[in-house]
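Here is what each chain is made of, one letter per residue.
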Amino acid sequence: MIENKKYILLHISRAKAIARRYFVTNGFDGALTMLGMVTGFHISGMQELTTAISACVGASIALFVSGSCSAYLSEKAEREKELQEIEQALVSELKESYYGEAKLFIPIFVALVNGLSPLLFSLVIIIPIFLAEHGYLLPLPPFICSIVVALVCIFLLGVFLGRISKKFWLWSGISTLLIALVTIAVIIFLGGTYDI
Amino acid sequence: MAKTIRLVLDVLKPHQPNALDFASTLAEIDTDFRVKLTVTEVDKKTESTIIIIEGSNINFTEIKNSIEKMGASVHSIDEVEIVGDIQEE
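Same order as they appear, the protein sequences are chains A and B.
Residue 1 is where the first sequence starts when you use our numbering, and the numbers rise one by one after that.
Residue 1 is where the second sequence starts when you use our numbering, and the numbers rise one by one after that.
No false leads were mixed into what you were given.
Using 30 Å as the maximum straight-line C-alpha spacing, the simulated DSSO-like pairs for lysine-lysine come out as follows:
1) B/K45 - A/K76
2) B/K36 - A/K16
3) B/K44 - B/K64
These aren't lab readings, by the way, just hints derived from the structure by calculation.
Given only the sequences and the hints, what does the whole structure look like? Please build it.
Structure (structure tokens):
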């Protein structure tokens, strides 16, 4: 019965689809932000890995807070609007119903997904820099390794999108990868022009 | 004590949970419940439904609470079938 209740809670609010969308959108946001930062560090010839880690962790936390708060506030407003509309249509109060519970819990669930998604991707991307900082030998320079990890993450997000939309996963993965490569190209171009 | 064995309810429900989930939740209230849900009218935000519940001992309050928990409301009880306790000697 509890499983059924959870299912209904998620179902009535279409929360799974919303959370999935937020996971991809903000995950992509986080991965691309880290890719941009790490590429910037690399082309500027930065040697201080501790500073780079601090900057990346700071940005990750900011992405987590920004993602969580924005999703919570917007989702809460959407739920309140939806609840009011259904209450008007049914001419009854729904505070005690699953709709009322969904209004309370779904924004928290969606906010956590939206906040944790960029945090997770960001932390995964900076793992090579962290390992290099702690003396582990990497096959490539740490920033290059992080860029490769970022590209893999972005490719996997594209594959995930392809699976959702039931399109060919490789094409979807390549599409997101192309966006990341264009981003790198723009950063390198601007880095060369303005000497970042 | 008399037992309710069949109830026909006029229920106004939101689109979600859908008819299948709605009826399944009601059927799960008791092991011998048999639920038939017919959607009679669909509006922008709501659906008018006729719900027929059959069982050996239906507790209307429990049914009503479950319906309201899913965001719906009972408009009327359209039909009931009650059996009295048979005292065997």
